[in-house]
Structure formats: structure tokens, C-alpha cells
Amino acid sequence: MGSLALKDLYEGFRDPKTIRALVKRIGIEAEKLERDIHIMEVCGGHTHSIVKYGLHQLMPQNIHFIHGPGCPVCVLPKERIDHAYRLAMQRDVILVTLGDMIKVPGSKGSLQDARAKGADVRYLYSPLDTLKIAKENPDKKIIFFAIGFETTTPMSAALIQHVIDEGIENILFHINHISVPEPMKVLLDAKRSKIDAFIGPSHVSVISGANIYEEFPNDYHTPVVVCGFEPVDILEGLLMLLKQFNEKRCELEIEYTRSVTPEGNLVAQKLMDRFFEKRTHFRWRGIGDIAQSALQLREEFAYLDAERIYSDLLPNREIDDHKQCICGEILMGAAKPVECRLFGNACTPSSPLGSCMVSSEGACAAYYRYGNMR
Amino acid sequence: MKTIGLAHGNGGEENGRLIEELFYRHFQNEILQQAEDAAVIEEGKLAFTTDSFTVTPLFFRGGDIGKLSICGTCNDLAMMGAKPKYLTCAVIIEEGFELSELEKIVLSMKSELEKNGAVIVSGDTKVVPKGSVDRIFINTTGIGEIRYRGISSNRISQSDLIIVSDTIGRHGASIFLEREGMEFSTALESDCRSLWPVVEKLIEAKIEIKAMRDATRGGVAAVLNEWARQSDICIEVQEEKVPISREVKGVCELLGFEPFTLANEGTFLIAVEPKDAPKTLEVLRSMEASSMAEIIGEVTAGYPQKVLLKTPYGTSRFLELPSGELLPRIC
Chain A
1 MGSLALKDLY EGFRDPKTIR ALVKRIGIEA EKLERDIHIM EVCGGHTHSI
51 VKYGLHQLMP QNIHFIHGPG CPVCVLPKER IDHAYRLAMQ RDVILVTLGD
101 MIKVPGSKGS LQDARAKGAD VRYLYSPLDT LKIAKENPDK KIIFFAIGFE
151 TTTPMSAALI QHVIDEGIEN ILFHINHISV PEPMKVLLDA KRSKIDAFIG
201 PSHVSVISGA NIYEEFPNDY HTPVVVCGFE PVDILEGLLM LLKQFNEKRC
251 ELEIEYTRSV TPEGNLVAQK LMDRFFEKRT HFRWRGIGDI AQSALQLREE
301 FAYLDAERIY SDLLPNREID DHKQCICGEI LMGAAKPVEC RLFGNACTPS
351 SPLGSCMVSS EGACAAYYRY GNMR
Chain B
1001 MKTIGLAHGN GGEENGRLIE ELFYRHFQNE ILQQAEDAAV IEEGKLAFTT
1051 DSFTVTPLFF RGGDIGKLSI CGTCNDLAMM GAKPKYLTCA VIIEEGFELS
1101 ELEKIVLSMK SELEKNGAVI VSGDTKVVPK GSVDRIFINT TGIGEIRYRG
1151 ISSNRISQSD LIIVSDTIGR HGASIFLERE GMEFSTALES DCRSLWPVVE
1201 KLIEAKIEIK AMRDATRGGV AAVLNEWARQ SDICIEVQEE KVPISREVKG
1251 VCELLGFEPF TLANEGTFLI AVEPKDAPKT LEVLRSMEAS SMAEIIGEVT
1301 AGYPQKVLLK TPYGTSRFLE LPSGELLPRI C
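Residue numbers (my numbering), protein chains in the order written: chain A, 1 to 374; chain B, 1001 to 1331.
Derived by calculation from the structure, the hints in this document are not laboratory data.
Among these hints, one or two may not hold up.
To be verified - In silico SDA-like links for lysine to any residue, alpha-carbon gap of 20 Å or less:
id, chain 1, residue 1, chain 2, residue 2
1, B, K1130, B, I1093
2, A, K17, B, E1239
3, A, K17, B, K1241
4, A, K52, B, E1240
5, A, K108, A, T348
6, B, K1310, B, V1242
7, B, K1249, A, T348
8, B, K1249, A, P16
9, B, K1249, B, M1292
10, B, K1310, A, R14
11, A, K135, B, G1181
12, B, K1306, A, N345
13, B, K1249, A, E230
14, B, K1206, B, I1295
15, A, K270, A, H162
16, A, K132, B, I1295
17, A, K108, B, K1002
18, A, K135, A, N170
19, A, K243, A, E253
20, A, K52, A, R14
21, B, K1310, A, H322
22, B, K1249, B, E1239
23, B, K1083, B, A1289
24, A, K141, A, A302
25, B, K1310, A, T18
Chain A with its partners taken away, still in its complex shape:
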């Protein structure tokens, strides 16, 4: 990939003049608001951008960000991180996963710790790199520990397709794919929830389409704008939301029109559907049990499922976070990271106690890293 093309993807979307102009327009709309508005950016990528670029510092007093649960490693409960650790510690196993997963500590330690103890743990840029590792290590079992929302699920599905088509016998899967809309509903239903509107993650909608959020304006009376990740995208999306409030509209809108359509990528959806089905329940760290919120391999692909094959080895007892951790409150918008007594003291990115501190996309980690300048 040439760097020129890459630059074109973001350069205009960080332009200081455009940012200032949008902030001004947001200010004008905000003045017309009848009450304070709490906007949840669901995705960790948005949280990261907001805090990195300091967009929250530019907001009028009556606009508040609530940092959502959209960071796939943050919401993975400790017992599942322990699965990765246990699998990695098997002598004949090479555990492969995406980079974000390596540092996250379970109850025994992180994959990084497992590696220091001799485990073979590797991170990938593309799940398809697993094929190469499997070919180079025919005497080992390669377990792909799959994490992520709808954005990364098609890549796992593509890898499964290759494994089946090429008859590869030494690749297994541990599936932790989760879905965005279900936790949004749970958060809206929570008594203490302050959420008035959502900024929807655009990369998820590139795959699943914007329509997965249709029920929020329709059934929950909560508007959604599907947004890109650059500062200009986020500000533009905010402006669209504020206009909805001032014009008494409640709709699903797309800001990220350069890649998102209402229906999404139908080919990818079909591929995912072939291999995966919904789990009846999945426990989210910081939130709790959410029905129909995660995927597992369908019964007919059980022979590829490390979770089933190694079930004797994998603990399922629920492990909760530190008692004083307020990640649940933070995810509902009832508290800010700095209000937690553990924040920055007992709980830091190098030794996180709660889900929001775990990855750079978690609200606490983003605040810690980039400072709470407001």
C-alpha cells in the first residue's frame, strides 16, 4: 500500500480550520438546546479519537460524552482471558490472536506473561496469516483466539473458509466475537442510564449496515448517527445529532457515507452466517450477562472449535473485577474514570484492575494515557 493513498484517507479529516468551523456550529446548535445532552460514543475507536484529539475539551458545557463498551478486549470477562492463557500454555499449541489481546491480564496473567513462561503466543495483522504459521508448524495445533465486533468477524469467517477448503487439520478456533446493538439496548434499559443519543461505530456498519441501529430511534426514541473515526467525522456527527434535537427529529443517519450503506456488506454477512450462530448468553465484563450478544461456531463445525475440544481444560467460573471498580457505572455514563478511587493508583494501563483500563480503547486507559485535560 502506498503511503500517498493512506494519507488521503485521513488528511482532510484533521484539518484545523474545518475543526474550528464545526466546533463553532456545534456551539450555535448547543445554545438552542432545551437541556443537557449526553451522547454515547459506543465504540472504543471513537473514545480513543475523542480523548486523543481532545474533542471533549471543545464541547459546550451542555454536551457530554459517555464512553461506551465498544472495546472488544475490555469487555471480555477474565475467565475467557484465562481460556487464552490455558490454551497457550499447552505444549503443542501455538496461540495466535490480534495484538490488542496480548497485554490483557486474566486471573493467571496475560498472554505476554504466558510467553515469558515459554508459551508460543503470536499476534497477527490478518487472521489469514494463521495459514502460514500452520503450514510451517505441522506438528503443532494453531489456535486462533478470535476477538472483536462485527468488524473483525468476517476475517475469522474467511479463515475458517480457507481451513475447510484447503483441508488444513491443525488450525482450531476459540470464538469471542460479539455484537454491538445488544449491549446498547442493555445500557439504555439500565435505570441510571443518561444516554440521550448514540454515535454509532462506522466500521461495524461497513459490514453489518447502518440498519442494525434502526430500532433505537424507532423503539427507544434515541437517535443514532453512524460516524467515521477522524475528528472531523466525529464533530460532523455530533452536529447532526444536535440538529435532530433542535428540529425535534429522532432518526438514524449516516455521517460516514464514504463506506457505510444501510444494508452493509451482504457477502460478508452471508459468510458469517454460514459458520456462526448466536450464543444464548455471553457475559460482558463491566456490564454482565447479555442475551444473544455473541457468536459461536455452529454445531457442524464443532470439530474446529477449541472451546468444545478443550472444554475440560477451560474454566468457566465467573471472575469478577475488583470490588471498588466502577467500570459498570462508567459504561452507563453514571460516572467518569477520574471518579474511580482506583483510577491511576491501583489501576493503570500496565496493571489494569477493571475492563475500561485494559486496552487503549477503554475509557479509563484513554483518560490515563491522554490526560483528563478537562
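Dock chain B against chain A, hints included.
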């Protein structure tokens, strides 16, 4: 059972803690506690430093482990205003290492020594069984003659200006791509090079150098944070002034890295009083190794011991020490 993880060698938070809580605690003495790039000994006449080198791949775009092992130690001396003079060289080689590769490394060391006007005066060779080390480890230790006294990370003061000598993050970004076998059609290469010729020019120009440090592991973020802490100052950096090449920006964009925390091997930071800044820039820009030099920030009383990164649209954030291992993000 606590064990050493890769993060303990990252030049950032964990690395710093290990050094302070173990090595400094037990080796405690006045010279060591100065925590400078090189120790200043013999009443300020000599600078003394050591560094060990391990890099994958051994031969990379812009250099190799041999060149790196001379630049690394000589640059640490140069950063204390010292002319590199005498070096020792110890190599630990894995059984089976190709002799022709070893010679390539040695020749590259020789050529880099010449640029510094330094010589290897003592050495040691160990060969260990296959698997005991990753191909080859090199340690160099160096003594330099201090030509400019008083450089210290502990005496930067309010209103001083911070200058960076070149575009940042090139070594870290290019090594990462090569190590991971990622094919990029770019001109990106390591900035690995000797800095003494540049420093010599600065001294000749009679610039009053307050602090100077090459931004190796942990990158510019690590140096600025160490300075802020050691001198008890706030450093405010204008983000848009920091020179970053298009290639490094692209790599960071793609993998979710921060250019400020990527390693450099021939790019340094210098703190000077405002009166010396124009001359410093002029001298730096006259040399190829520092032609892209820029004033990137100034020292204020804002947030003591913190580094503040300011955007052109009026927001700011703290630039923290890098922590953990360099890992790409998924989305």
C-alpha cells in the same frame, strides 16, 4: 512468581521502574543517580557509557547491528558534549553464525568509528551453543573527552526552547515493518547515524547547550518526560511543529502507533535558551543529519513534570511515557 517480560526493556514505564527499583537501589552512587546518557567522571573531563545491541533483522534499511553498536555508544557520549575516543567491543555469537556476515558487521563498525574519530582498543569474543542467543549480541563501552561542560537533563528552565534535530520515529517504524515482514513500497529507512559531527558544529558555534539527548528507545516521548521530571518543568509541545515523515505517519495510522514513542537512532532533542535558538537551528539545518530541525516546544510553568501536546485547534493532552510492548491495534 514474578518474571521479566519484554516490556521491562521498552525504554518506557516498566523499564524505568526496573532500573530504579533494582539497579539504582543496589548500585546507588552520586554519578549513577545523575541518570544522564553517559556518566561524567574525572572532574568533568571524561564521559563514560555502555550499551548492548540486539536487533532483528541484523541488517536493516539504513544500517545494521554493527553500525548501530557504534552509533549507539558514540551518540550517548556526544550527547554529553564528549568527543568519542576509545571503545571496547564484546560480542556474543551463536554457534553457526556465518563468518561473512560477521565480517560485514565488523566492517560496518569500522566505517562508523571513522566518522566519530574513535577506535576500538579492547574486546572480547564468546561463542555460545545454538539457541543460547539470537544470532549475535554486541556490547560496546566508550570513553569520550568532554569538549563542552555542563550539559544536563537536570537544569532545563522556564522559557527554554526544545528543538528536535530531524523527523522522528524512523528507526522504530522501519524496523517494525521489516521484522514483521510487511511489504511497504516506501523510502522509509532507519535514521541510524553518528551524531558527533553535528554536536561538534554546535560546540564550535558557541551555542549554550542546556540539555541534549538522543531519542532512542521510548522515543521523543521518553526523553521529554525524563527532562520534565528531572528538571521539574512543564514542556509544552506544538504537535504540528514536530517533523514527521509521511511514511512514519502512514505506518502509525495503519498500526495504531504513536510517532512520539517510536525509537530513533540518530535523532536528538536539544534544549537551549531562546537567544540561542535561531543559531542552533541554523547550525543544525546546515548539516545533512539534522536538516529537518525544528523548534517544537517550550518550557513553561504549566504542569510541572508533565509534557503537554497542543493541537492547532486549541486542545491539548499529556504526552505520557510509553508503556508495555509495541503492539498493533485491531480497529
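We went through each hint and held it up to the structure:
no.: 1; hint: B/K1130 to B/I1093; verdict: 9 Å, holds
no.: 2; hint: A/K17 to B/E1239; verdict: 15 Å, holds
no.: 3; hint: A/K17 to B/K1241; verdict: 16 Å, holds
no.: 4; hint: A/K52 to B/E1240; verdict: 14 Å, holds
no.: 5; hint: A/K108 to A/T348; verdict: 18 Å, holds
no.: 6; hint: B/K1310 to B/V1242; verdict: 11 Å, holds
no.: 7; hint: B/K1249 to A/T348; verdict: 27 Å, violated
no.: 8; hint: B/K1249 to A/P16; verdict: 17 Å, holds
no.: 9; hint: B/K1249 to B/M1292; verdict: 16 Å, holds
no.: 10; hint: B/K1310 to A/R14; verdict: 14 Å, holds
no.: 11; hint: A/K135 to B/G1181; verdict: 17 Å, holds
no.: 12; hint: B/K1306 to A/N345; verdict: 17 Å, holds
no.: 13; hint: B/K1249 to A/E230; verdict: 15 Å, holds
no.: 14; hint: B/K1206 to B/I1295; verdict: 19 Å, holds
no.: 15; hint: A/K270 to A/H162; verdict: 15 Å, holds
no.: 16; hint: A/K132 to B/I1295; verdict: 46 Å, violated
no.: 17; hint: A/K108 to B/K1002; verdict: 12 Å, holds
no.: 18; hint: A/K135 to A/N170; verdict: 9 Å, holds
no.: 19; hint: A/K243 to A/E253; verdict: 12 Å, holds
no.: 20; hint: A/K52 to A/R14; verdict: 12 Å, holds
no.: 21; hint: B/K1310 to A/H322; verdict: 35 Å, violated
no.: 22; hint: B/K1249 to B/E1239; verdict: 13 Å, holds
no.: 23; hint: B/K1083 to B/A1289; verdict: 17 Å, holds
no.: 24; hint: A/K141 to A/A302; verdict: 16 Å, holds
no.: 25; hint: B/K1310 to A/T18; verdict: 17 Å, holds
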